[in-house]
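Please put together the full structure from these sequences, using the hints given.
Residue numbers (our numbering), protein chains in the order written: chain X, 1 to 372; chain S, 1 to 372; chain C, 1 to 372; chain L, 1 to 372.
Because the hints were derived from the structure by calculation, they are not lab data. Fair warning: this is a prediction, and the values are worked out from it, not measured in the lab. Glycine included, C-beta positions come from ideal geometry on N, C-alpha and C. Incorrect hints may have been included.
To be verified - In silico BS3-like cross-links for lysine-lysine, where the CA-CA straight-line distance does not exceed 27 Å: (1) C:Lys150 x C:Lys139; (2) L:Lys327 x S:Lys139; (3) L:Lys327 x S:Lys275.
Said to hold, decoys possible - If you want the footprint, here are the derived chain C segments under chain X, 3+ residues with CB under 8 Å: (4) 38 to 45; (5) 67 to 75; (6) 250 to 256; (7) 320 to 333; (8) 339 to 347.
4 protein chains.
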Amino acid sequence: MGAEGIREASINYAPGYSENLAELLLIKAGIIGATGYTGIELLRLLAPRADVEICAITSRELEGVPVQAHFPNLRGHLDLQFSAPDSGALSQCDVVFYATPHGVAMHTVPGLLGAGVRIIDLSADFRIKDIALWEQWYKTSHSCPELVAKAVYGLPEVNRAQIKQAELVAVPGCYPTAIQLGFLPLLEQNLVVSERLIADAKSGVSGAGRKAVEDYLLCEATESIKAYSVAGHRHHPEICQGLNLVSGSPVRLTFIPHLVPMIRGILATLYAPVKSGLSVTIEQLQSIFEDRYANEPFVDVLPQGVLPATRDVKGSNKCEISITYSKDTDTIVVLSAEDNLVKGASGQAVQNMNIMFGLEETAGLQGIALLP
Amino acid sequence: MGAEGIREASINYAPGYSENLAELLLIKAGIIGATGYTGIELLRLLAPRADVEICAITSRELEGVPVQAHFPNLRGHLDLQFSAPDSGALSQCDVVFYATPHGVAMHTVPGLLGAGVRIIDLSADFRIKDIALWEQWYKTSHSCPELVAKAVYGLPEVNRAQIKQAELVAVPGCYPTAIQLGFLPLLEQNLVVSERLIADAKSGVSGAGRKAVEDYLLCEATESIKAYSVAGHRHHPEICQGLNLVSGSPVRLTFIPHLVPMIRGILATLYAPVKSGLSVTIEQLQSIFEDRYANEPFVDVLPQGVLPATRDVKGSNKCEISITYSKDTDTIVVLSAEDNLVKGASGQAVQNMNIMFGLEETAGLQGIALLP
Amino acid sequence: MGAEGIREASINYAPGYSENLAELLLIKAGIIGATGYTGIELLRLLAPRADVEICAITSRELEGVPVQAHFPNLRGHLDLQFSAPDSGALSQCDVVFYATPHGVAMHTVPGLLGAGVRIIDLSADFRIKDIALWEQWYKTSHSCPELVAKAVYGLPEVNRAQIKQAELVAVPGCYPTAIQLGFLPLLEQNLVVSERLIADAKSGVSGAGRKAVEDYLLCEATESIKAYSVAGHRHHPEICQGLNLVSGSPVRLTFIPHLVPMIRGILATLYAPVKSGLSVTIEQLQSIFEDRYANEPFVDVLPQGVLPATRDVKGSNKCEISITYSKDTDTIVVLSAEDNLVKGASGQAVQNMNIMFGLEETAGLQGIALLP
Amino acid sequence: MGAEGIREASINYAPGYSENLAELLLIKAGIIGATGYTGIELLRLLAPRADVEICAITSRELEGVPVQAHFPNLRGHLDLQFSAPDSGALSQCDVVFYATPHGVAMHTVPGLLGAGVRIIDLSADFRIKDIALWEQWYKTSHSCPELVAKAVYGLPEVNRAQIKQAELVAVPGCYPTAIQLGFLPLLEQNLVVSERLIADAKSGVSGAGRKAVEDYLLCEATESIKAYSVAGHRHHPEICQGLNLVSGSPVRLTFIPHLVPMIRGILATLYAPVKSGLSVTIEQLQSIFEDRYANEPFVDVLPQGVLPATRDVKGSNKCEISITYSKDTDTIVVLSAEDNLVKGASGQAVQNMNIMFGLEETAGLQGIALLP
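If you want it as structure tokens, here you go:
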């Protein structure tokens, strides 16, 4: 059975969602490329769920290996082996997650969609609507540009309604999630000079994935901080695309990512000059953010004076935001913190799945951050 | 209502434990001294549970402060303020956890027991049966030695039956848990020279608690490893007491703890010479451990050749064990890894609570380790 | 003998500085409050020198304790005990370093100056010329405001000539050093909108000193990043004072410091919009920085495309700078990296001493960064 | 000029070593394979020296690249490019260091020796006298077994006289240095049961080298500790070979290495049961160690009660040792700490060079540990 049946069911029954029906709604999920950090995080979030059955985890090089041999934290939690991507098991799923490097999903997504499988792609393949721009940044030609237009950008705080109906969701990148959530209220309210935005973002090393690359060795990356990709990062066009959709004037963004000696977490420090002629107070700004995210289960606007630390959201699906304003410089500073592997990737992917299948949006995502 | 009613209920109904009854069994829990790392970890484990109501969290200096202001990871998960220890709320609880420094619990435990409250003490006050020995190590006189005899040492893998009935449980220390679980099968089977045991243990810094002490500053503790308390550590008598209970001959243990530059985790590397005249094989040893822990939900004997790392159990209640044997030296090496704040403290406390109240022993403790 | 004799000698003989004279120039140095990180770093830099004799290291609470018992890395390198601050030994020195908390030096500096001792103060007591502003930020009244006017701000790249003659040097703070060195060329050349400067600065935890404060425990500070003091940091007025001295128009600076989970290092990411109407190229900018620092032994302008990492300067006195410019946003981004304890504190203090006493400016400061 | 001339000169003149002669003694040094951590550490130690000229640094893949482009900490300290290993420059050197993986040096050492070049090999190629044993552990056949017999094992605390005359020095491994220095006095004095030695060793990640291997990524190695190679580590035969040379009875050693989440440092915790019938006191043991190492510039026997931490020797060439003894278990515990890249590799290599060329043994090796 593909997704159609399930979706119909969920659309019909979700409003009167009852315990009995929940048992009927057993979502069959597949994961492609689940050997990296977003893959293992998907498994951590999905394995305990009673309403999701993980049917297939594919990896060409690990075919036949028990998943828990590769991911020792899953010992006793998941009795499944890696299978080959072309085993046919994927087309039996209701939903398939792509936790693959960029440029992989586009080759097999059309086939799975044709088989009625709904797709949640954690890679960048379907995030950017401007195909030429995507091809410039990802240095390959897109194999199914027509699907890009149909794909829904999976930022629930913006696109919840479309996600509900989507067959193909492009999960936002880690930086784009933190940065867009921080800037959106300011741009929606037309408060800041959109041509002068700055995002100084700091990421833990897991953002680089589980690749055996010298730069990410402990001895290279710990006890140090550096900026990277200052001449241009692939998340830049994705962020601008999202911000331009709500901004009254064109967005120009200086985006400088930094590598921080820790495993998880992104902190984005966002700077926006207030529009000339406007007069704002910190109380107004605080209200604007609180109102904007009042009904968002995973965006937590902190009280004035409380600042986020990435450890406060480690392992959780929350994005914590705090707002500061200085009259002296007339600049608004927004701090936005998330776990790059959860709200910045796999948690958000699961949040999308919950929305798509009419489940409680917070199902399986209410884990408390591991502190300390 | 004190513990008696609940206990009766649980004893009666647990075998036929049904969803409806589960709702009746709402355990009212209090936590004393919940401002440190074992306290916050108790809250992380208990707050999400539907069958436990956290009624009181006491802290003299934080009275009136919302718990989530002190522990930012709990924002949105727990709507409660710290209260004064003497507020009376504690005696209304079914169970009270002490997450206090050593020497505190003994002063108020008698009163709460008298009020029918069952006690789970994470401190050392009731762990050591030999009062004189306790007083020597903890450098104070014991205020209720008569209760020490009644206290049950809360190592479920040894004392499950007694824990079920206990009114006062002394939760084992972090080192004692990892070390006893690693040595027990060898001593029970009388395989090793009990006078020549060595435990070389490595602990993350959270084992030192959340005290503002210079030695545990990041700049003092990171990027370094050292041994400490080599002339004698307070966990030494506790470990020996437990091992002696199962050993056919007196235990003599060299115990050297080390401070490792990480937050969580204990790895105990245990060395035991095989008894002269005995001939063992690694296959036998592997079987002995697997059999010993076959029904233990939280002791995971790894397959031959797989070694534990503390990150594999970070945030989980598991103790992972692997066994190595070298014929050349006739020495058995056991590796035992746990999260010192979970199986080494708060998780084990909750495991005890589950047993005491007739719940599923694994309830609320099946979280998957956060990896990476 | 006080500083006068030495200074005269150095002024006379430095140009023809010969090996024989070097032996005559044995500088007698004292250190007040040498129990923290800037103190230990001063000792690491000064102890090996043949031309400096460390005569007194004072600490009221450690009086009589051998320095190497407190600082184990100095075992075998320094045979000296801590003495009381009022022992009289300090007034026999040629130079005294203050490695004390803010508000301490001002009380005893006048006396030592009167005894002919030259002073190098690593604290903030003499950095800010506007006494009222200083008192507002340091929350105490200044006990010798008249000396503030006479004090020389010890940034050699700006004040080398005055430092040479100075009797009292105020060593810049760690953030101010990295940030001023990064902005100075842009402001001197009048290239940027001085009212719209942003400094997003990231510091290792040693910047907080060796204080037993909960926030800086390993378990609180590692595996996390956060901003702090967003409403105003005490280094803000110091930075603005320095920048305003060279800027053609008033400086307004948004300064957001962050705490990074590592011991040493500051990375300042500096954002400056190009003045409207000006047209700049990255080649021009690169030249401006290279020219500005061509003769500076401790400012290293990196080639285009090479970015600094704090580990590249760990333990060294260098400040590494790289410049980026994006036409799209018309914003210049300068990255400035230093070891906060060396170029940001003790190394810079020694550099000042070298200048004051007519020694080679680089003497004792050419250690290579410890990498990895 | 090869080594012969220099050696002769140094033997003749070293006793009357004067400043003038020092200038004559300019040692021409080459480094093969200097792209890893022992290579960079050699450069950090050699680049500042006036008596050593680094003539060639070879790397096939980096030929033509400036060394300081690859090692940013060397910017401004070393003006040299990587050259091809076969450029001929090496045979012009007085001494050549091999910082290559195991199995490389043996192929070209014979040629360089023939050209009169003295060799200091940091790899394992010439450490183990038993060729069959070496071939078993390093899984290749030895290409010049006849040279193994002539090679001197470069542990100055044992072989100083032979090192002085050596043409080929095999620098000990990192674990072997720390462990042998800790056990030697006990075995030399025949105090312990040599068949029951245990070495529980903990190493920072730099011990694994600068290889892009998944296991050593920051996200895999930080915040965790684990044992590895428990079934046998290649340093085991090397350690036993050295210990057997001084032991009155055969050595049997249980050696368990562990990976610690830090860059540098080895701490070896050594356990040795006292021989039955012997009676020892801690005072005797302390004296035995202090006497044994009284004249050793780089072995520091700590006072009773002071324990080593690896950070106390970070970047320095010291091995710090402390001794503990418990009458209860009759077991001696020795703690031995070093920086694996310095005393455990490159510093020890330089110490050997100093001895070989008649220089001060401590020349260039008196850097103070970087603390914090």
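Hint check results:
The hinted pair formed by Lys150 (chain C) and Lys139 (chain C) meets the criterion: a straight-line CA distance of about 22 Å does not exceed 27 Å. Using a Cα cut-off of 27 Å, the hinted pair Lys327 (chain L) and Lys139 (chain S) holds, with the two alpha carbons roughly 22 Å apart. With a CA separation close to 22 Å, the supplied pair Lys327 (chain L) and Lys275 (chain S) stays within the 27 Å bound. Residues of the region 38 to 45 of chain C with a Cβ under 8 Å from some Cβ of chain X number 0, which does not satisfy the need for three, so the listed coverage is violated.
Counting residues of the region 67 to 75 of chain C whose beta carbon lies closer than 8 Å to any beta carbon of chain X gives 0, which falls below the threshold of three, so the coverage claim is violated. Restraint check on the region 250 to 256 of chain C versus chain X: 4 residues with Cβ-Cβ distances below 8 Å, three needed, restraint holds. Counting residues of the region 320 to 333 of chain C whose C-beta sits closer than 8 Å to any C-beta of chain X gives 6, which meets the bar of three, so the coverage hint holds. Here the region 339 to 347 of chain C counts 0 residues with a CB under 8 Å from a CB of chain X, which misses the bar of 3, and the coverage is violated.
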